[in-house]
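Number of protein chains: 2
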Amino acid sequence: MTPATGERADAARNRRAILAAAERLLAEHGAQHVSLDRVAAVAGVGKGTVFRRFGSRTGLFHALLAERATRLREAIESGPPPLGPSAPPRERLLAFLDELSGLAARNIALIAAHERACADDKYADPTYRRWHDHVRALIAEARPDADAHFLGHILLASFDGDLVRYMTAQGDANRLSRSIRALATTLLNS
Amino acid sequence: MTPATGERADAARNRRAILAAAERLLAEHGAQHVSLDRVAAVAGVGKGTVFRRFGSRTGLFHALLAERATRLREAIESGPPPLGPSAPPRERLLAFLDELSGLAARNIALIAAHERACADDKYADPTYRRWHDHVRALIAEARPDADAHFLGHILLASFDGDLVRYMTAQGDANRLSRSIRALATTLLNS
DNA sequence: TAGTATGCGGACCCATGGTCCGTTTGCAAC
DNA sequence: GTTGCAAACGGACCATGGGTCCGCATACTA
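First to last, the protein sequences are chains A and B.
Numbering-wise (my numbering), the first sequence opens with residue 285 and increments by one.
Numbering-wise (my numbering), the second sequence opens with residue 285 and increments by one.
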C-alpha cells in the first residue's frame with residue numbers, strides 16, 4: 285500500500301519484507317500465532333521498524349488487506365460492469381459479493397487476523413467501511429424500504445473468518461458464494 | 285451456573301462474588317478493560333481462585349452469559365408457545381430472535397466481552413452452538429431448500445457486539461429487533 | 001565528500017492470561 | 001470439642017506480546 289513517493293530505498297525494501305513475512309507466517313501458522321516479534325524476525329528487521337512502518341498490529345493487517353483488496357476497489361470505483369458503476373444495483377451487488385467470496389476464500393488466515401486486530405470497533409476499519417458503504421448504497425437503491433445499513437452489515441457478516449473457514453472446509457468450494465448469492469437475491473427480491 | 289451440589293460454602297460464595305464483580309466491571313468500564321486481575325481484586329479473592337473456578341477468561345465469560353441465558357434456554361426447551369416446542373417454526377423463530385434481541389440489548393458489554401474471549405473458533409462456544417442448533421433446525425423445518433446452517437450463522441450475526449451497539453445507539457430502542465424480524469421474515473417467506 | 005534527515009534495531013516497559021505451591025479452612029467423623 | 005484431611009485459597013511468579021525509545025547507521029543532497 286501507499287508507495288509514499290519520498291520513501292527511502294531501505295524503507296521501501298523493509299516495508300515489502302515485512303508484508304511478505306506477515307503473509308508467509310499467516311499462511312504457515314494460523315492467524316493466532318503471528319506475533320509482531322516473529323514478523324520482524326522473519327522479515328529480518330527490528331521490531332521498531334515494523335511499528336514505524338505500520339503503527340500497530342492493526343495497521344499492519346489493515347495494510348495487508350488493503351493491498352489484497354486494491355484491484356477489487358479499483359474495479360468497483362471505475363471498472364466495467366458488472367462491478368463498475370454503470371451496472372444496475374442488483375447485478376452490481378451480486379458481482380461484488382462474488383468477488384469478495386473469492387477474496388475471502390483465498391485469504392482465510394488474513395481475514396481472521398484482520399478481524400481480531402480490529403476487534404474493538406471493527407466498523408472503524410477503512411476497508412470494512414468502504415465495503416459497507418458500497419453494499420449499503422446498492423441495497424438502498426434496489427430496496428428503498430429496507431434497513432440498508434443493517435442489511436449491509438449482515439451481508440458482510442458472511443465473510444466472517446469462522447464462517448468462511450467452515451463454509452470452505454467441507455470440500456464444496458462453491459458453497460460459500462452460492463449461499464451468499466442466494467441470500468442476497470432473497471433480500472433484494474422480496 | 286452449575287450449583288455443583290458438593291461445593292464448599294466458601295467456594296460457592298466466591299463463585300458468586302466473582303460473577304458479580306465481572307458483571308459490575310463490565311457495566312462500569314467497557315468490555316475491553318476487564319482484566320482477570322481486576323475481577324479478582326473487586327471480588328476480593330485471589331487470582332488463582334478465579335482460574336480454579338472458571339478455568340480461563342473464556343470460561344468466566346461463558347459462565348456469565350450462560351447464567352443470563354438460562355431462562356431463555358428453559359423457555360425454548362420446555363416452555364409454552366411461541367418460544368416452546370409446540371409452536372410452529374416461523375413463529376417460534378421470530379419469538380426466539382425477539383428474546384435474543386432483548387438479551388443482547390440488555391447485555392451489550394457482556395456480549396462484546398464474550399465475543400472476544402471466544403475469538404478463535406467461536407462456533408465452539410456451547411451457548412452459541414445451542415442457539416445455532418435451534419435456529420438452524422427451525423429454518424430447515426420452514427424452508428427445507430435453504431442452506432439452513434449458513435443462514436443460522438447469518439441470523440445470529442445480527443447479535444454481533446458492534447452491530448448491537450450501533451443499532452441501539454441511535455435512540456431508537458426497537459430498531460434492532462424490528463430489523464431482525466424483517467430479515468427473518470424475508471428469509472422464511474421467500 | 002560532507003551534512004542531515006530519515007530510518008534502523010533491539011533493549012526495555014508494562015499489561016495480562018495463566019500456573020504453582022505453601023498455607024488456610026470448611027466439614028465431617030469421632 | 002477435637003482432629004484429620006480434602007478442598008479451596010491467594011498471590012508471587014512466569015511467559016507472551018504489543019508498543020516505546022534512543023543511540024547508531026545510512027541513504028540521499030548539495
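Misleading hints may appear alongside valid ones.
Put simply, identical chains are the same to the list, so a pair is met inside one copy or across any two.
[Stated by the list, open to error] Straight-line distance between alpha carbons at most 20 Å, and here's what the computed EDC-like set of lysine to aspartate or glutamate pairs gives: (1) Lys331 x Asp404; (2) Lys406 x Asp446; (3) Lys331 x Glu425; (4) Lys406 x Asp444; (5) Lys406 x Glu358; (6) Lys331 x Glu307; (7) Lys331 x Asp294; (8) Lys406 x Asp417; (9) Lys331 x Asp405; (10) Lys331 x Glu375.
Everything labelled a hint here was simulated from the structure, so no lab data went into it.
task = Kindly indicate which numbered hints from before are broken by the structure, ordering the numbers from low to high.
result = 1, 3, 5, 9, 10
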